[in-house]
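Protein chains: 2
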Amino acid sequence: MDNFTFQNPTKLVFGKGEVKQLSTLIPKDKKIMITYGGGSIKKNGVYDSVINALKGYNITEFGGIPANPEYEVLKEAINKCKAEKIDFVLAVGGGSVIDGTKFIVAGAKYEGDAWDFISGKATVKDALDFATVLTLPATGSEMNCGAVISRRETKEKYAFSSTHCFPLFSVLDPENIYSLPQRQITNGIVDTFIHTMEQYLTFDNKTYLMDRFAEGILSTLINIAPDLTSGKKDYQTYANFMICATMGLNNFISMGVVQDWATHMIGHEITALCGLDHGQTLAIVFPGTMDIMRKEKKDKLLMYAKNVWHIDTTDQNKAIDLVIEKTENFFKSIGMKIRLSDYDIKKDVINTIVSRFEQRHWNVGENGIVTPNKVRLILERVY
Amino acid sequence: MDNFTFQNPTKLVFGKGEVKQLSTLIPKDKKIMITYGGGSIKKNGVYDSVINALKGYNITEFGGIPANPEYEVLKEAINKCKAEKIDFVLAVGGGSVIDGTKFIVAGAKYEGDAWDFISGKATVKDALDFATVLTLPATGSEMNCGAVISRRETKEKYAFSSTHCFPLFSVLDPENIYSLPQRQITNGIVDTFIHTMEQYLTFDNKTYLMDRFAEGILSTLINIAPDLTSGKKDYQTYANFMICATMGLNNFISMGVVQDWATHMIGHEITALCGLDHGQTLAIVFPGTMDIMRKEKKDKLLMYAKNVWHIDTTDQNKAIDLVIEKTENFFKSIGMKIRLSDYDIKKDVINTIVSRFEQRHWNVGENGIVTPNKVRLILERVY
Chain U
11 MDNFTFQNPT KLVFGKGEVK QLSTLIPKDK KIMITYGGGS IKKNGVYDSV INALKGYNIT
71 EFGGIPANPE YEVLKEAINK CKAEKIDFVL AVGGGSVIDG TKFIVAGAKY EGDAWDFISG
131 KATVKDALDF ATVLTLPATG SEMNCGAVIS RRETKEKYAF SSTHCFPLFS VLDPENIYSL
191 PQRQITNGIV DTFIHTMEQY LTFDNKTYLM DRFAEGILST LINIAPDLTS GKKDYQTYAN
251 FMICATMGLN NFISMGVVQD WATHMIGHEI TALCGLDHGQ TLAIVFPGTM DIMRKEKKDK
311 LLMYAKNVWH IDTTDQNKAI DLVIEKTENF FKSIGMKIRL SDYDIKKDVI NTIVSRFEQR
371 HWNVGENGIV TPNKVRLILE RVY
Chain L
11 MDNFTFQNPT KLVFGKGEVK QLSTLIPKDK KIMITYGGGS IKKNGVYDSV INALKGYNIT
71 EFGGIPANPE YEVLKEAINK CKAEKIDFVL AVGGGSVIDG TKFIVAGAKY EGDAWDFISG
131 KATVKDALDF ATVLTLPATG SEMNCGAVIS RRETKEKYAF SSTHCFPLFS VLDPENIYSL
191 PQRQITNGIV DTFIHTMEQY LTFDNKTYLM DRFAEGILST LINIAPDLTS GKKDYQTYAN
251 FMICATMGLN NFISMGVVQD WATHMIGHEI TALCGLDHGQ TLAIVFPGTM DIMRKEKKDK
311 LLMYAKNVWH IDTTDQNKAI DLVIEKTENF FKSIGMKIRL SDYDIKKDVI NTIVSRFEQR
371 HWNVGENGIV TPNKVRLILE RVY
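Line order of the protein sequences matches chains U and L.
Numbered per this note's numbering, the first sequence spans residues 11 to 393.
Numbered per this note's numbering, the second sequence spans residues 11 to 393.
Treat the hints with care, as some may be off.
As the list claims (entries may be wrong) - Okay, derived cross-link-like pairs now, BS3-like style, lysine-lysine, Cα gap no bigger than 27 Å in a straight line:
#1 135(L) / 30(U)
#2 41(U) / 52(U)
#3 135(U) / 21(L)
#4 216(L) / 216(U)
#5 216(U) / 30(L)
#6 216(L) / 26(U)
#7 119(L) / 316(U)
#8 356(U) / 328(U)
#9 316(U) / 316(L)
#10 119(U) / 21(L)
#11 21(U) / 135(L)
#12 119(L) / 21(U)
#13 52(U) / 95(U)
To be verified - Label pairs and their in silico Cβ distance ranges:
#14 41(L) / 285(U): 42 to 48 Å
#15 345(U) / 378(L): 41 to 47 Å
#16 174(U) / 62(L): 46 to 52 Å
#17 76(U) / 66(L): 51 to 57 Å
#18 15(L) / 70(U): 23 to 29 Å
#19 342(U) / 352(L): 54 to 60 Å
#20 339(U) / 240(L): 39 to 45 Å
#21 74(L) / 237(U): 52 to 58 Å
#22 378(L) / 308(U): 47 to 53 Å
#23 347(U) / 62(L): 55 to 61 Å
Because the hints were derived from the structure by calculation, they are not lab data.
The model shown is predicted, which means the values in this text are computed figures rather than measured ones.
Ideal Cβ positions, reconstructed from N, Cα and C, are used throughout, including at glycine.
Chain U extracted, bound-state conformation (with noise of 0.2 Å):
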């Protein structure tokens, strides 16, 4: 286990009808920017609910925060900010409305131009307080302090976190998930799902507890998967998942871990380049992932075999094939495609990822093992 430090100070308000929590939530002399995305929350009463929450409250708002949550529009968002001088922002969404949030109420108190915190030119020291009402898992945005931001023009999609970035406080009721669409649950499961895994999959690094809460997760996520993508509305499924994508990127089960995350950086660049989903992209990667690096991943591959998919065999090399069958079983069996192929996108995009990686001298996965050659090889495998 590595030193570490872990600090979450984000307020979790969970169950059904917790939306009314708001008024005592959010003090009544803030005046507040409410985030959304493409309108979904207006036809499914969640808007309304907010809006009755905070009766009496001075209220503003911005929509229209696109998945992918985009540089341009968040400029926008970040001008009226500083325009009406805001002081308390609420998103209501995913995670890309979330993820958008934090850029937002960061650049909101930045003098300069917020893609600095992306490019590394600068750093959050001050961000605008803000909290959240999640109405699709996923990204586990709303109890972390990270952030994935995309620039239409250049087509780049990265990273940023700051510790003024977790949100105050998230609401999160099961019933406001119950109108997603197929589409957003299985993305929402299969982001959990890697999600953990790059917590998870690398070495031995002997965090015995926290490989148990990685399993605890990953088993849960496949127990009730059928259940979630079946269109059945149970309210302990619901909210199961909710806790799942939760705990899945809230810090938790990264205490003294080693970390992976190639097949998050494999995949940006897929849904930079080609549209793809989140989701949808990481379902084709990690398969591959988890077959290239089988050499360098096989104490854990043999861990998670046997202690997640009770694969009981003394073949090693068959176990890995095994369980990477039978992840990949398991992301069609939840709707995912899981080959490039599948999604009608040329080869020579797989060149195109491979020199953005090189260009960028980028060696990642643990102890940057994932190479570009390896990307090529991981990409090829899953083409």
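Chain U is fixed; fit chain L onto it per the hints.
Just chain L now, with coordinates in the frame of chain U:
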């Protein structure tokens, strides 16, 4: 899964050598009081490393906080804080010192008698800043806001909690616990095990993920216990022990969970009346709780049998018998006694404990199912 609110602001600073971080964690202008217990920290080097890390600070100290921290002693520390205008308390010790320190920091900001927090006459409205350097993993007090305080004159032992009583940070260095005597290691294992059980072994409340997390702590403890109690100083074993103890009682595994705590309440009476260590009382009472409440806890007993002890039988009663035996054998294997009579305690203490429960009209456990009569049956079962 029940609705819940969760927040835990404590910063964990974990790993070898991290005590040196104290000077970056505590503002230079603070007037610090260091609290500790019987003085073992002066023998094992922890005191010296703390003092070294705090060179240049204005420091005073208050030692001698006893196991089961006593009101009578803590009152002196409160007076000292007030008289010397202390504005930061650093608890260096285990659960007793940290619990006592929570009482001290709350009492130091209160005009009246701090026992009011225990009796319920007052609630904590403010507290001095405080932090901890943990020297004994067991209670989880280093990352929660609760404490258990004893009163010598009345042989009472009660809990209190307040969100003002979260440590600002806790330093957990596994090397700081290498010198712990066997008895304290064993107590710590059992204490962590039963904390987890109190948040797990109730009824099936569809808290799938939290159940897996609880099983993760239980399994990890079972796996590391032989090495922990062998006298071998293996860093990774001690590190996992520390993080198990912290995660066992920092509100994480209780998200949306139904809780029990009957074993603890019965155990506290045994400590108050007979002087047994807290961990010792839990190892005695818990198997009794499992057996006497086997009907009410059936689903969870079977889940525990299957997922933690891999007991594979369709005969439910047999599975429960077996898992009680396995649990008792686990406690015995680490050197714990599991019967009241093993400690030369007279049987009429059972009457005293039961009448205390009766007088207080205490029906404890989930949904109050552990009535005073059940307390009698439990204690008779484990006499």
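Hint check for residue 285(U) and residue 41(L) - Cβ pair distance inside 42 to 48 Å
Hint violated: Cβ distance 59 Å, outside 42 to 48 Å.
Cβ distance range 52 to 58 Å for residue 74(L) and residue 237(U), holds or violated
For residue 237(U) against residue 74(L), whose Cβ atoms are near 57 Å apart, the range 52 to 58 Å holds.
Is 55 to 61 Å respected by the C-beta to C-beta distance linking residue 347(U) and residue 62(L)?
For residue 347(U) and residue 62(L) the Cβ distance comes to about 59 Å; the hint holds.
Is it true that the C-beta distance of residue 345(U) to residue 378(L) lies inside 41 to 47 Å, as the hint says?
Because 45 Å falls inside the window, the suggested range holds.
Does 23 to 29 Å hold as the CB distance between residue 15(L) and residue 70(U), or does it fail?
Because 28 Å falls inside the window, the suggested range holds.
Does 39 to 45 Å hold as the CB distance between residue 339(U) and residue 240(L), or does it fail?
holds (42 Å)
Is the hinted pair residue 119(L) and residue 21(U) satisfied, with a Cα-Cα distance of at most 27 Å?
holds (25 Å)
Verify the proposed pairing of residue 216(L) with residue 216(U), using a straight-line Cα cut of 27 Å.
Status violated; Cα separation ~30 Å.
Against the 27 Å threshold, does the CA-CA distance of residue 119(L) and residue 316(U) hold or violate the hint?
Violated: residue 119(L) and residue 316(U) sit about 53 Å apart, past 27 Å.
So if I understand the rule, the pair passes when the alpha-carbon distance is 27 Å or less; does residue 135(U) with residue 21(L) pass?
holds (19 Å)
Does residue 216(U) pair with residue 30(L) here, judged by a C-alpha cut-off of 27 Å?
holds (24 Å)
Looking only at beta-carbon atoms, does the pair residue 342(U), residue 352(L) fall within the given range of 54 to 60 Å?
At 57 Å between Cβs, range holds.
Checked against the numbered hints given earlier, this structure breaks hints 4, 7, 8, 14 and 16; the rest are met.
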